[in-house]
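Student: Whenever a hint applies, use it, and build me the whole structure from the sequences.
Residue numbers (the numbering used here), protein chains in the order written: chain C, 1 to 406; chain R, 1 to 406; chain X, 1 to 406; chain E, 1 to 406.
Fair warning: there could be bad hints in the mix.
[Claimed, not checked] Here are the simulated SDA-like pairs of lysine to any residue, each with C-alpha atoms no more than 20 angstroms apart in a straight line:
(1) 401(E) - 328(X)
(2) 382(X) - 157(E)
(3) 163(E) - 54(E)
(4) 401(R) - 105(C)
(5) 327(R) - 405(C)
(6) 347(C) - 72(R)
(7) 327(C) - 401(R)
(8) 347(C) - 223(C)
(9) 311(C) - 325(E)
(10) 382(R) - 79(X)
(11) 406(R) - 338(X)
(12) 406(E) - 265(X)
(13) 382(E) - 147(X)
(14) 327(E) - 338(R)
(15) 401(X) - 378(R)
(16) 327(R) - 308(E)
(17) 347(E) - 261(X)
(18) 327(C) - 307(X)
(19) 359(R) - 200(C)
(20) 327(R) - 399(C)
(21) 406(E) - 79(X)
(22) 382(X) - 120(E)
(23) 382(E) - 318(X)
(24) 382(E) - 406(X)
(25) 359(E) - 139(X)
(26) 406(X) - 331(E)
(27) 327(X) - 340(C)
(28) 406(C) - 72(R)
(29) 406(E) - 406(X)
Calculated from the structure, these hints are not laboratory results.
4 protein chains.
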Amino acid sequence: MSDIKKVVLAYSGGLDTSVIVKWLQESYGCEVVTFTADLGQGEEVEPARAKAQAMGIKEIYIEDVREEFVRDYVFPMFRANTIYEGEYLLGTSIARPLIAKRLVEIAEETGADAISHGATGKGNDQVRFELGAYALTPGIEVIAPWREWDLTSRETLMAYAEKHNIPVDFSKAGKKSPYSMDANLLHISYEGGILEDPWAEPEEDMWRWSVSPEAAPDQPTYIELTYEKGDIVAIDGEPLKAHEVLEKLNKLGGANGVGRLDIVENRYVGMKSRGAYETPGGTIMMRAHRAIESITLDREVAHLKDSLMPKYAELIYNGYWWSPERKMLQTMIDESQDVVNGVVRVKLYKGNVTVVGRKSDDTLFDDRIATFEDDAGAYDQKDAAGFIKLNALRLRIAANKGRRLK
Amino acid sequence: MSDIKKVVLAYSGGLDTSVIVKWLQESYGCEVVTFTADLGQGEEVEPARAKAQAMGIKEIYIEDVREEFVRDYVFPMFRANTIYEGEYLLGTSIARPLIAKRLVEIAEETGADAISHGATGKGNDQVRFELGAYALTPGIEVIAPWREWDLTSRETLMAYAEKHNIPVDFSKAGKKSPYSMDANLLHISYEGGILEDPWAEPEEDMWRWSVSPEAAPDQPTYIELTYEKGDIVAIDGEPLKAHEVLEKLNKLGGANGVGRLDIVENRYVGMKSRGAYETPGGTIMMRAHRAIESITLDREVAHLKDSLMPKYAELIYNGYWWSPERKMLQTMIDESQDVVNGVVRVKLYKGNVTVVGRKSDDTLFDDRIATFEDDAGAYDQKDAAGFIKLNALRLRIAANKGRRLK
Amino acid sequence: MSDIKKVVLAYSGGLDTSVIVKWLQESYGCEVVTFTADLGQGEEVEPARAKAQAMGIKEIYIEDVREEFVRDYVFPMFRANTIYEGEYLLGTSIARPLIAKRLVEIAEETGADAISHGATGKGNDQVRFELGAYALTPGIEVIAPWREWDLTSRETLMAYAEKHNIPVDFSKAGKKSPYSMDANLLHISYEGGILEDPWAEPEEDMWRWSVSPEAAPDQPTYIELTYEKGDIVAIDGEPLKAHEVLEKLNKLGGANGVGRLDIVENRYVGMKSRGAYETPGGTIMMRAHRAIESITLDREVAHLKDSLMPKYAELIYNGYWWSPERKMLQTMIDESQDVVNGVVRVKLYKGNVTVVGRKSDDTLFDDRIATFEDDAGAYDQKDAAGFIKLNALRLRIAANKGRRLK
Amino acid sequence: MSDIKKVVLAYSGGLDTSVIVKWLQESYGCEVVTFTADLGQGEEVEPARAKAQAMGIKEIYIEDVREEFVRDYVFPMFRANTIYEGEYLLGTSIARPLIAKRLVEIAEETGADAISHGATGKGNDQVRFELGAYALTPGIEVIAPWREWDLTSRETLMAYAEKHNIPVDFSKAGKKSPYSMDANLLHISYEGGILEDPWAEPEEDMWRWSVSPEAAPDQPTYIELTYEKGDIVAIDGEPLKAHEVLEKLNKLGGANGVGRLDIVENRYVGMKSRGAYETPGGTIMMRAHRAIESITLDREVAHLKDSLMPKYAELIYNGYWWSPERKMLQTMIDESQDVVNGVVRVKLYKGNVTVVGRKSDDTLFDDRIATFEDDAGAYDQKDAAGFIKLNALRLRIAANKGRRLK
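Tutor: Next comes the structure, spelled out in structure tokens:
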């Protein structure tokens, strides 16, 4: 092994990363610093402290980064109406850059020469952690135990834990979910188990954050979302911080059966994988943001955003949040949002998110012009003839020359 | 008026186009040929014959074009997962090119020198009809009465009809919908009335093709859709023609509260307008097509399609179906669909369309590689380190030179 | 005619716009304000004053806008390496937005209710003037005499001039060029005459700003261009203002036979047209800017810029400089240029512009890594194997499933 | 080493690949099959036979692939006006897919289980060879000696050659070029040596295929290129095969100082590198192809091609010729070329390639419409007013709402 002296580990407190702590101490003979973040995953982070201490960790970072996460990562992403492959709201992808950033910052603070994480060698997360770390701290070393060690099955891992007296929560381990899961304020994800058969429907008891549409209330819930510069700043008139917005929308969405998704996606590392996701708040935000943009954005600005969105989504999915090209696109996206202000009214009902109203002082919707009734001269219908004639000119010239389109 | 001798009119049999028949006869002193198409709008087309005859029309074309419509227009469009402005499934847009084509073909058959239509001077449909007509028959004349006449209010129009003994169905006119509507097998649309206020929720009795999610059955409906080259060829194993597929999906979707949409969109002629749409079958097809592509399409092919889709949607929305650039994109899209074969299982429940399974002989999903368990050497996790290192290289060089990303 | 009281005319002082002055006074009975801009077209602008006065104009604006033109329009455009249809450097297009802006500003200052210009109804310039004017002052009226009057041939125009004692410079009119020309600091353009036959080579005596490569000096000229944030700020170490840069490069380029172009282009109004252009300085700037970017820009930033450039060029060509989408793209382009600093060495020789050196404190070129010699561990060649393996994975899976690429 | 039994090597006959033969025999103890292709690099390929035989090779493939190379790779690429990073004509990139294909085909014919090549671990060529090989034969093994062995300097390599009696052509080795070179019918490239300093101008004696503009004839050369479906099929009326076209254009271009290029480019593996290129024929083809397209292609088709070109160029540069996404783009590009027929007249003079005429039976250039003179009603200038008004509508609505663009 190389001569690494101190490593900062992204530490969840769970079995896998606890094993990594021990393995790093053993294999590299190095000091380990743990970093545990509250991203809103819905589990206590404080217990990680005792576990880390029990393994002899001296420098323990436990941080509540929920507001930063939603304000600086989730909200900017939603300004672009970002969807990967037409479906996925990038819940896992968007949390990685924040963790990568904190890992290298803590490395600098603690004088560590490496970072480490618990992502496997087959997934996207290793890429996202490491690209971020390298982009921010080019000289950092990265230790990815799953790519190095020989604990490649659950059995060997458990044996290693037992041998090293790693404080496994056996009650928990007993009812171990068959799924590999990841959660933060934006979503919870499930992979593995029966999901590895794309023809199999997920079992109802897999889902954790939302009731099924069938089990949701028979009465709809109406909410009003207030936007400023593309971000939600209030719900039903109550001003909220970024993470409070998402917490509230998660609650409302989850209670109404909103936000389940079941897809096969293309990983950056080259294979397809099945994933199931619950993104209650994000699903509401996506629809509502498009609605507020629909009355406030210029058409060509909206279309330009739409044409660049797939690229932007791909960058985030692939782990390039910390890159000059993502930053460049962000500048453009943010510039477009100055006028995205107003209120969207949304109806939640048994899995459906329906936009039922939108209004804004910055609206470009002009009922005098769009109306079927007389518009008092705001629009001269005869202009349309010239508009069509000139747009048709190249087509007519080509047809005259004998070009055939059928 | 110009010296037009014969004009082919897109004739619905309704009041407006009946008035146009008379107005063309009067204003242009020309012969009128009527063309009435059954696009699956859900109304009888045969009654148009008697009405046309009553106004002295000699050449009457009434055609069932449902199969052609779905097979040659709707299905090709769905191969691209086409959505305009993130929401709209282009139900009106996609019917216009077929009508434009038949109008100029009938003009040629009947020796007419012009075509005419009932679209207003503020909307997109005039553009779609006329661009299509000019592209296919560059020397055709177009008469757009709404841009020319002075019957600019409902009252003047009704007065004109009465004066000319136009056979208005007064029972129908009595319960005139407050909305401007358009329908074909893909959708029914509503504009005008209270929809002109984007803050107002549509009233329940506006919707015609679907029950509300609230009123939909409490039991889900599961269906299996079989794809060949990107098109649905069977439902629950029963082979169906293109239009039969859509008819059946409309019925299934509508009964389960699927396919309602309420948006503000950007018209090609420059203003925003509010529209409400019911697209039950199309909504199901969109989700299911993405699902079958998710296991059969190469990642980069899928991403390339996604990046071009907004352009393709814009072309169709703006009326450029009959253009070399749309044809060029279609060639590429169709080329990608050779492998899009298999079956998608979909659950319909109170407005929700959930993909619950997908399988294909052409699947690229390889559970040996994606699995969390041992893959027998199909994938070497150590390769990921080099993959990440080289992808990070440019970022590291930049960071070493002092470039900052935060 | 409508009840226009005062109109601001883009006035060159030449015959055509002098006729327009008179025609506006006659047809509209309105007051005319003239605006004559020195854009570096190479003709005196001051003589326009006397001519305007002779026709009774009271409000005469004559302005030297050369610095503003190059600094605020030409330079921003070159930051994007902007080329229309692979060839055209947009010399005419980029001057129109400035004129449109000044026309509506002067209209506001003088209380005019309309603007007017001398562009024909077949060209792009009418679009550029008018879109700009409408975008900046939505209520402005536009009078485009060439679309309205009946002076549609040179003879009728000359007759009108004679009849109204318009002070034509007959000596000049005598040797009237057979070409329609436009000039500003960025270029001079030629259309019409024998150019209307795309098979005909332009005659040598058409060109005005450059010697032919054949007539250029037998010795090359070397120059060094210093860039700051994407703009040239010095030539051979001498600091220069924006317009001085272009003036000097025009002189150097023109003397060395640089910058002639002869193309058929696609107009926004729908037809193809032949144009010949001399853009000596711009041709040098294009090559040099790419060269300084080649060592300072990140790869993905450069590629993103390249992928958006055609859209950006189209916007400028079509007249959408004053639009939110152009502004949005500009924000992104400008953001990318912070690091585009350094010096480019260029050789000019008989029509050739050859970049022979580039250096920068912001260079990302790292000779330790790119070298064929030992790089002291800066790059581990073994990483390439993993990089290739993972990039190939999706292709291998597809091939294993029997997909054929040949 | 792994249990490879037979390997097909891309063998040039030069020192490096001769060393590889021996090294493969020694290190892997496997049989070596050599493949030497005449791509028009300008060196005899037959001498490779004797050298291979001397090293005990039994299966020796020596093939003239010039026609296939130009017809199936170079010409298709030029149909897209392909340029990487605004400058590079992809001369090296486009030869790799053909070699990759033949290597795996020969592997199949000879029962080999691996391929090998002489590309280094820092360059793009390893990627291009290997991605192609994996995409066509997913189970193939690849041996890349430069990533594996310890012969990392010229000295160790020479020592190895001497020790193993490798038949080095010492006369040649004596005057060893300081540059790393690659050549085929499309170009010759230079890297390394003084080029590693981007500020240094290449020395005149580096260039091999072209005279300098200074040394080129004082009289221009005019040629006429006949296009069919986007490809040149005749020069000055003489029908030629694909590779004959390029051979002739190389001769003509090289004699007139055409086609030198000196750039810094971004490699796929993450670093910038300096390269000098001579592409005489390709430089002519690029200009001429745009010219024939300028009169035959529809505007929107041309713009769509332009917008996709950077992506297409990137795919070829990065080694994805053999990929479904390249194939998909190719389908679209080829579809556009059916109408790209006609003749382009080009002037070559001291480094300049000037298009001086273009004509086609498929021309869309219509002088009646584009002319400044009366067009007999082919175009109604009044239509332009409506065209502009409607295109301006969204801008005016926004301005009316107070949006500012300055």
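Student: What hints, given by number in increasing order, does this structure fail?
Tutor: Violated hints (numbers, rising): 6, 10, 12, 24, 25, 29; every other hint is consistent with the structure.
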